[in-house]
Every structure is written in C-alpha cells, then in structure tokens.
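The whole structure should be built from the sequences, with the hints applied where relevant.
There are 2 protein chains.
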Amino acid sequence: MDNSKSFSIGLVGLGTVGSATLKLLENQLININQKSGKKIIIKAISAKDKNKNRNIDINKYDWEESPLALAEREDIDAIVELVGGSDGLAKKLAYTAIENNKYFITANKALIAKYGYDLHDKASNKDLAIYYEAAVAGAIPVINSINDGLVSNNIISIHAILNGTCNYILSDMTNNSNSFEDALIKAKELGFAEADPTFDVEGIDSAHKLVILGLLAYGAKPDLKKVYVEGITSIEAEDIKYANRLGYKIKLICIASLEKNKLDFRVHPALCLSGSICSGIGGALNAVFLEGDYSKKLTFIGEGAGAEPTASSVVSDIIHAAKSNKFLNSFRSIKNVREYKKITSRVGKYYIRLLVNDKPGVLASITSVLNENGISLDSVIQEGNESEENKYIIILTHDCNELNINNAINKIDSLNSLIGKSYLIRVENI
Amino acid sequence: MDNSKSFSIGLVGLGTVGSATLKLLENQLININQKSGKKIIIKAISAKDKNKNRNIDINKYDWEESPLALAEREDIDAIVELVGGSDGLAKKLAYTAIENNKYFITANKALIAKYGYDLHDKASNKDLAIYYEAAVAGAIPVINSINDGLVSNNIISIHAILNGTCNYILSDMTNNSNSFEDALIKAKELGFAEADPTFDVEGIDSAHKLVILGLLAYGAKPDLKKVYVEGITSIEAEDIKYANRLGYKIKLICIASLEKNKLDFRVHPALCLSGSICSGIGGALNAVFLEGDYSKKLTFIGEGAGAEPTASSVVSDIIHAAKSNKFLNSFRSIKNVREYKKITSRVGKYYIRLLVNDKPGVLASITSVLNENGISLDSVIQEGNESEENKYIIILTHDCNELNINNAINKIDSLNSLIGKSYLIRVENI
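Line by line, the protein sequences are chains D and S.
Residues 14 to 443 in the working numbering are what the first sequence lists, from first letter to last.
Residues 14 to 443 in the working numbering are what the second sequence lists, from first letter to last.
Take these hints with a grain of salt, some might be off.
One copy or two, it doesn't matter: identical chains are merged, so the pair holds either way.
To be verified - The list that follows gives simulated cross-link-like pairs (lysine-lysine, DSS-like), each with its CA atoms no further than 27 Å apart:
#1 Lys-65 with Lys-201
#2 Lys-273 with Lys-36
#3 Lys-254 with Lys-273
#4 Lys-309 with Lys-201
#5 Lys-104 with Lys-127
#6 Lys-434 with Lys-63
#7 Lys-135 with Lys-372
Just so you know, the hints here were simulated from the structure itself, not pulled from any lab data.
Written out as structure tokens, the structure is:
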C-alpha cells in the first residue's frame with residue numbers, strides 16, 4: 014500500500030445501516046486499506062441527532078451539522094449517503110457531492126431508480142462514478158455480477174425476489190395458513206414490515222430495484238411507468254392453499270428480459286412450481302435468477318436487507334470508489350431497443366380464482382366463455398360444502414395470451430352467478 | 014475509451030473452452046473494450062493442432078507453434094492458458110508468462126491448487142497478477158464475490174458442491190435408483206464424466222477447488238495433504254434409498270471453515286436435509302454457500318463447467334487484467350492461523366450402513382457397542398425379507414464425536430455377524 018495516498022469519506026445518516034457501516038469500517042480498516050491500496054479516512058459524519066445512543070463512539074470523528082456542507086468540503090473524496098428517500102436530502106446530497114467532485118455511494122434504491130441515470134451521466138462527465146450495490150438485494154453482489162462477472166454476457170433475463178417484506182408475508186401465509194392481513198401484522202411485529210408497508214406490499218420497492226437492474230443489464234433508462242406493477246394485497250389464504258394443491262407456491266416476482274428486441278419489465282405475484290429453487294426462497298430472503306448467453310443460468314440467494322448485510326455491500330463500494338473502479342459502474346447500452354412489451358401481450362399459464370353463487374350450470378357457463386376466447390384448461394377445482402351457497406372455482410389454464418384472458422374475465426365477471434371479481438395470478442417458469 | 018491504449022493477449026489452447034473464449038472475445042469486442050477502457054487485441058494463438066476443425070476462423074490471428082515462445086513475446090501483455098493439467102505445459106506457461114512480465118489468466122484449478130500461492134507471490138513481486146475465476150465453479154463469480162463483494166467480511170464458512178460429475182452421478186442415483194456404476198456409465202455417455210473419472214469421483218477435483226477458495230478466504234496456502242478427501246465410489250443405491258427415507262439427500266460436499274482459530278477443510282459425501290436448497294442442486298450444477306460475518310449466508314448456483322460458462326469467466330478476467338485490477342486477486346492473510354482441525358475431531362450426526370448376517374441379537378450387539386462409546390441413536394432401520402440371510406441395518410446417530418464413531422465402528426466391524434465393512438456418511442447442516 015502506498016501510505017501517501019488517502020481516500021476520505023463523509024458519512025451521512027447514522028441509522029442502523031449507517032452505524033453498521035461505521036462499525037464495519039472500523040473493524041476492517043487494515044484489510045480495507047490493503048484492498049483499496051489507499052488509507053481510508055472517515056473524515057466527518059453527519060446525522061439528524063448527534064446525541065442519539067448508537068452503541069458506537071462517534072466522538073472521534075468530525076461532526077458536521079449540515080450534511081450538505083459535508084458534501085461541499087474540499088477534504089472529502091466520497092459521500093456515503095445512508096439517509097433514504099428518493100428526493101429531499103438524499104437527492105440534494107447526491108447532486109451536491111458530484112458537483113463538488115466527489116464519488117457518491119448509496120444504499121438508496123428509490124433515489125437511484127429515479128435519478129440514477131442522470132447521476133451516472135453527471136458523474137461520468139466529471140470522471141467520477143456513483144455506487145449502489147447495497148440498493149438491490151442487500152449483501153448479494155448482484156450489481157457486481159452483472160457488471161463484472163457477467164460483463165461479457167448478453168443478459169437474456171433476470172427473475173428476482175427483491176422484497177423481503179412480501180416474501181416474508183407470502184412465506185408466512187404458506188407455512189401458517191395465515192391471511193394476508195394477519196401475516197402483515199406479524200411481519201410488522203417482527204420488524205419485517207414498516208408501519209406504512211404500502212411501498213413494499215404494492216410492489217413499488219420491487220419495481221425500484223427492478224429498474225436499477227434493468228438499467229445495468231439493458232441500459233434501459235429507469236422509468237417506473239414502463240413497468241407493470243402489481244402487489245400482493247389481493248392474495249387470499251385460499252390462493253395459497255389452492256396453488257399448493259396444484260403444485261405451486263406464490264411469490265412476488267420481478268422480471269426483466271429482452272425478447273425479440275422488446276424489453277419486458279414487470280413486478281407481480283406468480284405461481285412457481287413447488288420444489289423449484291424459487292419456490293423454496295423462504296422468509297425475508299432475496300433471490301436473483303440471472304441468465305446470460307454464455308454464463309447460462311445463475312442463481313444468487315441471500316439476505317436482501319438488514320443493517321449488516323447492507324453495510325457489507327456499502328463498504329465494498331467504498332473500496333471500489335477508492336480505487337476509482339469505474340467499469341463496475343457502467344451499464345450496457347443496447348442500441349435500437351426502445352420498445353417495451355405490454356403486459357397484455359404476455360403468453361403463459363394463468364391461475365384464476367372465482368367465487369360463485371353455486372347454481373346448476375355455473376361452471377359450464379364459465380368454461381364456455383374461456384373456450385370462446387381460445388383458452389384451454391389444465392385443471393379445475395370446484396369446492397365448498399353441499400350446504401354452502403358460495404363456492405370457489407379455481408382454474409389453471411394452458412398457455413394463452415393475456416389479452417384473451419382479460420376478454421374472458423371481463424365476460425365472466427359480468428355473469429350473474431359471480432360474487433365480486435375474479436382474481437388472476439400468472440404462472441412463471443423460474 | 015482511450016484508443017491509444019491497447020492490451021494484447023496470447024491465447025494458448027483451443028479446445029472447447031479456448032474456442033468458446035475466442036468466439037466470445039470476437040462477439041463482444043466493442044463491449045469488452047469499453048468496459049476495460051483499452052483496445053483488447055488477440056495478438057497470437059497457439060494450440061496443439063493448427064488444422065483441427067474448430068468452427069472458428071483462426072487464420073486472422075498470428076499462429077505461434079511454440080506456446081512458450083508466445084509467453085516470451087514482447088508484444089503480449091497477458092497469457093490466457095486453457096490447456097489444463099497441474100504440471101507440464103500449463104506450469105511452464107504460467108512461470109514463463111510472469112517471468113516475462115505478463116499477466117496470467119487461466120481456468121486451470123489443478124495448476125492453481127498446486128502453484129497458485131507461489132504464482133501469486135511471483136506475480137505480485139513484479140506488480141502483476143494472476144486470474145482464475147474460471148477455475149472454480151465455472152460462470153459463478155465466486156472468486157470475485159469473496160474478493161470483492163464480501164471483501165470486508167470475515168468468511169465464517171464455505172460449503173460447496175464443486176464437481177458436476179459427482180453431482181450428476183448422485184442425482185441420477187437419486188432420481189433413477191441407479192447404482193454408482195450405472196450412473197457413471199451414463200455420465201460418460203452424456204459427456205458429464207471423462208474416460209478416466211478418478212479425479213472427479215475420488216474427490217480430488219473438488220479438493221483442488223476447495224483449497225483455492227481456502228486460499229482466498231483464509232490465506233491458507235494450498236496443501237492437499239491438509240484436506241480430508243473422500244469420494245463417492247462407496248455410495249450404494251441402498252444409501253440413496255435409506256437416506257431418502259430418513260429425510261436426506263446425498264451430495265459430495267466441500268467444506269472450508271474457521272472455527273476457534275482452526276481451519277477445517279474437507280471433501281466428503283454428506284447427507285443434506287431433503288427440501289434444503291443444497292439437496293435440490295440437481296444434475297451437473299455447482300453451488301457455493303458462503304457465510305460472511307456481515308453479509309450473512311449467501312448462496313450461488315450455476316453451471317460449474319462447460320465451454321461457454323467457463324469462457325464467460327475467462328473473459329471477465331481478461332478485462333480485470335487489462336484494467337490491472339489487482340485487488341480482486343489478493344487473498345486474506347489471517348495471521349496466527351496455521352492449525353488445521355483433524356477430521357477425527359468432527360462433532361455431528363452420522364449415517365451408518367451395515368450389512369449383517371441376520372442372527373438373533375445382532376442389532377442388540379451393535380447398539381450396545383454404540384452405547385458403550387457414548388453414541389445415541391436417532392433412527393434405526395432394519396430391513397430384508399424373512400427368508401434373506403443378509404440384511405441391511407441403517408443407523409442415524411445423534412451428534413457425537415468422530416473419534417467415538419471410529420472406535421465403535423472398529424468394534425462393530427469385528428463382530429462375527431458383520432458382512433464386509435460398515436460405511437459411514439456424515440450429516441451436514443447446509
């Protein structure tokens with residue numbers, strides 16, 4: 014190591030991730046210095062409340078009351094932002110850091126999903142770079158793998174489970190036959206869900222991460238409007254039960270793929286074959302299934318959140334920044350690919366849940382609508398006690414077009430015997 | 014990209030991996046140049062037979078009859094060795110390349126397992142580096158993950174399935190109730206096993222890869238003598254059957270871990286709980302289960318061999334070399350850890366298969382020996398027709414010490430009623 018070279022960082026945000034990052038930097042400083050070939054110096058830190066009890070001694074570091082002032086300091090080479098939120102302070106910090114010729118390191122997926130493309134641009138114009146391995150899938154080195162290990166591959170597809178909250182809820186519904194509502198309460202109690210879980214359960218957090226991977230794999234400028242997003246709030250305990258009986262588990266899946274020059278980006282619940290690796294991803298774990306044209310299929314599984322796994326990736330990025338490792342951070346630009354596939358053009362199997370008022374001929378009228386729309390059936394389950402008026406009908410189709418399914422469902426939903434609306438889940442081969 | 018900068022490689026070996034590497038370099042040259050920031054030039058190639066039909070046009074490249082002459086050429090920056098074998102040409106090429114101030118890139122696990130430490134040393138003395146991502150687990154970026162993504166982690170343990178041939182054979186025995194011999198014949202027919210499969214089925218290839226990971230994770234100088242190695246040739250169809258009945262699958266597992274300042278390196282068959290991710294790794298796939306102190310558990314699954322997955326990693330390494338990315342290539346040096354744990358000090362569960370001449374009291378005499386040695390039992394299966402003289406007794410123990418098991422087994426094997434020797438398989442929680 015050249016001791017004359019140093020690399021000074023300013024750390025903003027000392028919540029659980031910020032504190033874990035500081036601790037890891039302190040624990041591993043010799044190793045980190047050796048790996049980066051520079052002396053890493055934690056020059057100054059900034060957070061909301063200096064006096065909060067953090068189980069870590071921050072008095073040895075320069076304290077900066079204003080995070081933005083930190084980003085303007087001349088004696089700092091990189092800003093590590095662990096504040097969160099797509100706008101507000103995080104955004105200001107990112108732009109201020111780059112304007113002031115600093116590398117920018119973050120775990121903030123909302124920020125990168127919204128401004129990542131522009132920040133890349135601004136940074137590379139200044140011969141700088143931004144780093145955000147921790148923003149997607151925690152400690153799983155997925156960004157590094159796309160940009161480095163698979164650097165020479167055309168990425169055929171990415172399938173992923175990227176939201177630990179949803180995976181925890183779906184796993185709990187599967188293992189303990191809980192309703193969505195009960196599983197959500199449990200997830201909140203155990204710290205797997207936030208007080209307001211909307212971002213997670215509606216699939217938005219997953220979509221943020223998906224567009225980041227889409228940027229790296231396909232050079233697709235992040236745009237949430239291009240992503241079909243459907244959360245898990247409509248999944249009922251019955252869906253888990255019937256899916257299981259049909260040989261499937263339900264997961265919230267992110268998909269990014271390039272097919273016939275069209276990008277296909279979507280987040281939605283999906284039935285995955287029981288016994289597949291995907292179906293076995295339990296609890297709050299994350300998983301990424303990457304297919305490259307040379308690498309073939311690769312699977313990565315690990316903790317997608319949590320202070321220590323996130324800190325692990327942040328510190329790896331600090332070393333990248335210290336080494337000015339810019340190629341890790343660039344994305345594939347696939348020319349002539351501007352078009353996105355519409356969800357209605359999807360072809361695949363579908364699971365349909367219907368609640369009907371059980372009169373003679375109900376099933377016949379439903380299957381005849383499906384038949385008229387060219388949809389053939391793999392399995393049908395009709396259940397309920399003789400005495401019950403309302404019964405579930407569960408249908409698993411063969412491959413068909415989503416447009417046809419939608420047409421059929423519109424007709425079926427208008428049948429007199431139908432109670433409420435039918436509910437569709439796509440079946441994916443992962 | 015700075016067009017004035019170029020990086021010239023000499024490629025030695027044009028078998029399936031060499032040809033795939035050349036093809037991938039040609040296909041992705043623009044992308045590779047952009048990522049490496051240099052113009053990558055395939056300056057010259059060398060292989061056994063120039064005129065072999067390769068489905069690839071090699072006439073546009075300089076042909077060098079002598080591979081060693083290639084390694085001495087002044088106009089070459091890196092040698093890519095895809096020849097194989099721990100000694101002979103591969104070894105000469107490696108040392109010649111470094112002596113002549115060239116980076117050295119290889120997919121050769123036997124070479125790196127034997128000379129990797131010394132080659133690292135020689136290379137770093139010249140401010141060069143050696144690269145071998147392709148030597149372990151094909152396209153899975155496991156070396157990159159240990160050295161980069163998990164750079165700031167203390168590696169707690171590595172568990173891995175690193176030999177596709179063995180995993181194919183064990184999967185076939187499991188799925189089709191084949192004997193080891195029949196599964197091996199099938200594996201040879203399908204190209205999953207070589208004509209002489211000794212290296213694979215005896216666990217030696219796995220041990221090579223294990224010591225490479227051990228070098229990177231713990232700075233442990235590769236030494237096959239320090240590794241307990243046991244292959245899969247003694248596994249019978251009955252073991253698969255009974256393991257399955259007890260709720261387990263059998264896999265050939267590589268383990269490297271640091272426990273109380275002692276290194277534990279071993280390769281042996283193991284019972285893994287059915288339903289675990291490990292037990293579900295089918296066919297010729299590889300899997301690596303890494304646990305870091307901050308990252309927590311990470312799992313990587315992919316194709317461990319094959320021309321294209323291997324080429325994917327080789328080309329990624331060519332870019333690392335072009336960028337002189339040396340930190341990716343260094344290993345953790347854990348001071349004061351020189352001691353290795355002996356296999357006899359292992360504590361865990363054991364599966365024991367015994368074939369006995371069924372006389373009254375046989376089981377009683379066996380269990381009494383186990384009891385005398387402090388070994389308590391989880392399950393016992395005794396099977397065979399009334400009419401059969403010889404019956405299998407299958408025992409699953411609770412946690413116990415391997416020394417005690419060995420003592421017990423020695424006594425049991427000397428019992429009159431025992432036919433042949435008993436066979437042990439360790440149970441691992443992966």
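The hints, checked one at a time:
1. Lys-65 with Lys-201: Classified as within: same-chain Cα gap 24 Å, cross-chain 65 Å, threshold 27 Å.
2. Lys-273 with Lys-36: between (48 Å within a copy, 23 Å between copies)
3. Lys-254 with Lys-273: neither (36 Å within a copy, 46 Å between copies)
4. Lys-309 with Lys-201: between (38 Å within a copy, 22 Å between copies)
5. Lys-104 with Lys-127: Answer is within: at 10 Å inside a copy they meet the 27 Å cutoff, but 51 Å across does not.
6. Lys-434 with Lys-63: neither (53 Å within a copy, 68 Å between copies)
7. Lys-135 with Lys-372: So Lys-135 and Lys-372 fail the 27 Å test inside a copy (65 Å) and across (83 Å) alike.
Checked against the numbered hints above, the structure breaks hints 3, 6 and 7 and satisfies the rest.
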